[in-house]
Amino acid sequence: MSASHQVTLEWGAAGMRAADADVIVLADADRGAETAELLGLAPRTRLVLEATLASAAAVARTALDEQARRGERVSIAIVAAGERWPDGSLRPTATDLLVAGRVVDELAELGIDFHSPACAAACAAAVALRGATSTLIAAEAAASTPATEAAR
Numbered sequence: 445m446s447a448s449h450q451v452t453l454e455w456g457a458a459g460m461r462a463a464d465a466d467v468i469v470l471a472d473a474d475r476g477a478e479t480a481e482l483l484g485l486a487p488r489t490r491l492v493l494e495a496t497l498a499s500a501a502a503v504a505r506t507a508l509d510e511q512a513r514r515g516e517r518v519s520i521a522i523v524a525a526g527e528r529w530p531d532g533s534l535r536p537t538a539t540d541l542l543v544a545g546r547v548v549d550e551l552a553e554l555g556i557d558f559h560s561p562a563c564a565a566a567c568a569a570a571v572a573l574r575g576a577t578s579t580l581i582a583a584e585a586a587a588s589t590p591a592t593e594a595a596r
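Numbering (the numbering used here) for the sequence shown: 445 to 596.
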């Protein structure tokens, strides 16, 4: 667990490799090609959950249930999937940031609110754009460039 935060936010494969938490949440709005890759990198000894916009509340509830089952505070690492540029490097996406932020917001609603600054920023974006999130996800999917699609 992070020495200072119960909930952290990281990005992509490097974030998944670095995720040292009791619960790992993969935030991927479109469940793209990155999902399988990142799930393959997740430690098998951890509870790993997949989050989309539709499942954010259920994922947060499952994390809380895991905490109750253990009888102690659990660490939660949210890994936003992002996409890949043609050269293979990480391309962070607004949509995965919004999904991660929605999970953070749902966790806070359940009382798990000791989160990192990156989580706070993602949550603020998700809350501010709550009414437009579905539209933004659809717009980003429609705007995917051939270069980013070819990298998948």
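Don't take every hint at face value.
[As the list claims (entries may be wrong)] Cβ-Cβ distance ranges computed for the label pairs, FRET-style: (1) PHE558 to THR506: 10 to 20 Å; (2) LEU580 to ARG514: 13 to 23 Å; (3) THR579 to ARG475: 25 to 35 Å; (4) ALA583 to GLU516: 15 to 25 Å; (5) ASP531 to ASP557: 17 to 27 Å; (6) ARG513 to SER588: 38 to 48 Å; (7) GLU494 to ALA458: 26 to 36 Å; (8) ALA587 to GLY555: 13 to 23 Å; (9) ALA583 to THR479: 17 to 27 Å; (10) ARG475 to GLY575: 18 to 28 Å.
Since the hints were made in silico from the structure, they are not lab data. All values derive from a computational prediction rather than experimental measurement. By construction, the Cβ of each residue, glycine as well, lies at the ideal position given by its N, Cα and C atoms.
Hints, one by one, checked against the model:
no.	hint	in the structure
1	PHE558 to THR506: 10 to 20 Å	18 Å, holds
2	LEU580 to ARG514: 13 to 23 Å	35 Å, violated
3	THR579 to ARG475: 25 to 35 Å	18 Å, violated
4	ALA583 to GLU516: 15 to 25 Å	42 Å, violated
5	ASP531 to ASP557: 17 to 27 Å	38 Å, violated
6	ARG513 to SER588: 38 to 48 Å	39 Å, holds
7	GLU494 to ALA458: 26 to 36 Å	19 Å, violated
8	ALA587 to GLY555: 13 to 23 Å	37 Å, violated
9	ALA583 to THR479: 17 to 27 Å	20 Å, holds
10	ARG475 to GLY575: 18 to 28 Å	23 Å, holds
Checked against the numbered hints given earlier, the structure breaks hints 2, 3, 4, 5, 7 and 8 and satisfies all the rest.
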